[in-house]
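A.B. asks: Chain U is already provided as a structure; the job is to place chain B on it using the hints.
Number of protein chains: 2
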Amino acid sequence: MQYETKKRSILKAFSWRTWATITTAIIVFIFTGEFALAITVGFIEVFAKMALYFFHERLWQKVNFGKKEIPSFVLWFTGLPASGKKALADAVHRQLIADKLKVERLDSLDVRPLFPETGFSLEEVNRHVKRAGHLCAMLEKNGIIVVASFVSPYRQSRKFARDRAVNFVEVYMNTTVEACEQRDTKGHYAKARCGEYQNFPGVDVEYEKPVKPEITIEVDKVTIDDAAQQIIYYLRKNFINER
Amino acid sequence: MQYETKKRSILKAFSWRTWATITTAIIVFIFTGEFALAITVGFIEVFAKMALYFFHERLWQKVNFGKKEIPSFVLWFTGLPASGKKALADAVHRQLIADKLKVERLDSLDVRPLFPETGFSLEEVNRHVKRAGHLCAMLEKNGIIVVASFVSPYRQSRKFARDRAVNFVEVYMNTTVEACEQRDTKGHYAKARCGEYQNFPGVDVEYEKPVKPEITIEVDKVTIDDAAQQIIYYLRKNFINER
Numbered sequence: 003m004q005y006e007t008k009k010r011s012i013l014k015a016f017s018w019r020t021w022a023t024i025t026t027a028i029i030v031f032i033f034t035g036e037f038a039l040a041i042t043v044g045f046i047e048v049f050a051k052m053a054l055y056f057f058h059e060r061l062w063q064k065v066n067f068g069k070k071e072i073p074s075f076v077l078w079f080t081g082l083p084a085s086g087k088k089a090l091a092d093a094v095h096r097q098l099i100a101d102k103l104k105v106e107r108l109d110s111l112d113v114r115p116l117f118p119e120t121g122f123s124l125e126e127v128n129r130h131v132k133r134a135g136h137l138c139a140m141l142e143k144n145g146i147i148v149v150a151s152f153v154s155p156y157r158q159s160r161k162f163a164r165d166r167a168v169n170f171v172e173v174y175m176n177t178t179v180e181a182c183e184q185r186d187t188k189g190h191y192a193k194a195r196c197g198e199y200q201n202f203p204g205v206d207v208e209y210e211k212p213v214k215p216e217i218t219i220e221v222d223k224v225t226i227d228d229a230a231q232q233i234i235y236y237l238r239k240n241f242i243n244e245r
Numbered sequence: 003m004q005y006e007t008k009k010r011s012i013l014k015a016f017s018w019r020t021w022a023t024i025t026t027a028i029i030v031f032i033f034t035g036e037f038a039l040a041i042t043v044g045f046i047e048v049f050a051k052m053a054l055y056f057f058h059e060r061l062w063q064k065v066n067f068g069k070k071e072i073p074s075f076v077l078w079f080t081g082l083p084a085s086g087k088k089a090l091a092d093a094v095h096r097q098l099i100a101d102k103l104k105v106e107r108l109d110s111l112d113v114r115p116l117f118p119e120t121g122f123s124l125e126e127v128n129r130h131v132k133r134a135g136h137l138c139a140m141l142e143k144n145g146i147i148v149v150a151s152f153v154s155p156y157r158q159s160r161k162f163a164r165d166r167a168v169n170f171v172e173v174y175m176n177t178t179v180e181a182c183e184q185r186d187t188k189g190h191y192a193k194a195r196c197g198e199y200q201n202f203p204g205v206d207v208e209y210e211k212p213v214k215p216e217i218t219i220e221v222d223k224v225t226i227d228d229a230a231q232q233i234i235y236y237l238r239k240n241f242i243n244e245r
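In order, the protein sequences belong to chains U and B.
Our numbering applies: residue 3 is where the first sequence begins, and numbers increase by one.
Our numbering applies: residue 3 is where the second sequence begins, and numbers increase by one.
Bound conformation, chain U alone:
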């Protein structure tokens, strides 16, 4: 909830007056040729107009015309474990922050530790993803852009997240289990292969590919920077128009 302080209005009055009085004095001088008169009019004007400007600003604080909200959206990254969701989502998030937008970043790795009782069965993953989707939608509804990255292997809960949002942009990390396994520096796939993890998407359970994602990233063919630019281009075109 943003508002503008009285100090800002005062500073604007000074800033405006500097430019405007110089202009007035020049106009008066051009028409009368009298330098002293031009300065006197300018001098009087400084005080009268500065007070007037301040009240003009305060009045306009109450006028809502022409104050707009940038439409927010939920940018949802889905893909196999170690498909590069987090790194790409972080890159896009940084860019949106640099654009001075209000953005919240949600990653499965931040949410799960808060609720350690959440397991990895199909039912529990669906619940986890649905709750995350609900959270995203609430933030979006309140004007916050959300960058979310969850493996979210099941269509059912992804659809839930999509249905609750107004603008849902699904980013599918298109790659293969083999490529992810090679990329996996944390050894998650190895643990899944030897049975230490159960219900691991790509190993024990199927990762259900999105049918119509808004954006598909060909993970093994593009750099992170290019992929981030592809996404930013889409967002600029569809949501973040020129202000």
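Possibly wrong hints are sitting among the right ones.
Quick list of in silico lysine-lysine cross-link-like pairs, DSSO-like style, CA-CA up to 27 Å [what the hints assert, rightly or not]:
1. U:LYS102 / B:LYS143
2. U:LYS69 / B:LYS88
3. B:LYS102 / U:LYS70
4. U:LYS64 / B:LYS70
5. U:LYS102 / B:LYS8
6. U:LYS102 / B:LYS104
7. B:LYS102 / U:LYS9
Residues of chain B clear of chain U, computed beta-carbon distances all greater than 12 Å [unchecked claim]:
8. PHE33
9. ASN201
10. THR225
11. GLN231
Please keep in mind that the hints were generated in silico from the structure rather than gathered at the bench.
For glycine and all other residues, C-beta sits at the position ideal for the given N, C-alpha and C.
C.D. replies: Only chain B this time, still in chain U's reference frame:
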């Protein structure tokens, strides 16, 4: 994410120019006594300054000085079933909306139907309340005021909600089980008494009273309007200062 359109800046330029040019013309007339000159200077000024004003406004859009956010907070209503949480929270919510603040309203009755699998065991209620607390904190962090009403009978999960928020205002609905049972038009207590509901706070399980709530409402002694005013007074004093 709010911004101001070019149309707004143009309208402000017209509005400002009307007042300012009249002032300039008067000043010139006072000093020269020449009516025609006063009008001419004013006329020229209209065009030169309107363009200048527009660019001045656009420049100031980029200056953040003096743009402030009203601090947000989580207003959390807790109390026995049928203690009047929802009605009071709704009244406070309406008042905050009337004050043109950005507010989100969360009620257990809105959240539970989305996740029908959530039960009423101690563990499930704690989980439910913790998730709600997490959601509140995320909204608060992003500048949204949250008005939440949950029975939230257990200290453990209320503490979780409190710890995640920056400004947590706990409103305790102080009343007795008997009074709630009389007020209960939906027959929830009756169902709990005959065993249709289990783990019902006040009947099967203890409602754990808050130790140090920020606000205590003496439900059976005050009207809803008075209670709402008591809360609004607290919020105005602590968060919503003069803008």
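A.B. asks: Give a verdict on every hint.
C.D. replies: Verification of the supplied hints:
Restraint check for LYS102 (chain U) and LYS143 (chain B): satisfied, since their Cα atoms lie roughly 16 Å apart, inside the 27 Å limit. Among the hinted pairs, LYS69 (chain U) with LYS88 (chain B) is inconsistent with the structure: their alpha-carbon atoms are about 33 Å apart, more than 27 Å. For the suggested pair LYS102 (chain B) and LYS70 (chain U), the alpha carbons sit about 15 Å apart, so the restraint of at most 27 Å is met. The straight-line distance between the Cα atoms of LYS64 (chain U) and LYS70 (chain B) is roughly 15 Å, inside the 27 Å bound, and the hint therefore holds.
Distance check on the hinted pair: LYS102 (chain U) and LYS8 (chain B) sit about 19 Å apart at the alpha-carbon level, within 27 Å; holds. About 20 Å separates the Cα atoms of LYS102 (chain U) and LYS104 (chain B), which keeps this hinted pair within 27 Å; it holds. For the hint linking LYS102 (chain B) to LYS9 (chain U), the alpha-carbon distance of about 22 Å falls within 27 Å, and the restraint holds. Taking the minimum C-beta to C-beta distance to chain U, about 6 Å, the non-interface status of PHE33 (chain B) is violated against the 12 Å cut.
Chain U leaves ASN201 (chain B) outside its interface by the beta-carbon criterion, the shortest separation being 18 Å against a cut-off of 12 Å. No beta-carbon of chain U is positioned within 12 Å of the beta-carbon of THR225 (chain B); the least distance is around 29 Å. For GLN231 (chain B), the requirement that its beta carbon stay farther than 12 Å from each beta carbon of chain U is met, with the minimum near 22 Å.
Checked against the numbered hints given earlier, this structure breaks hints 2, 8; the rest are met.
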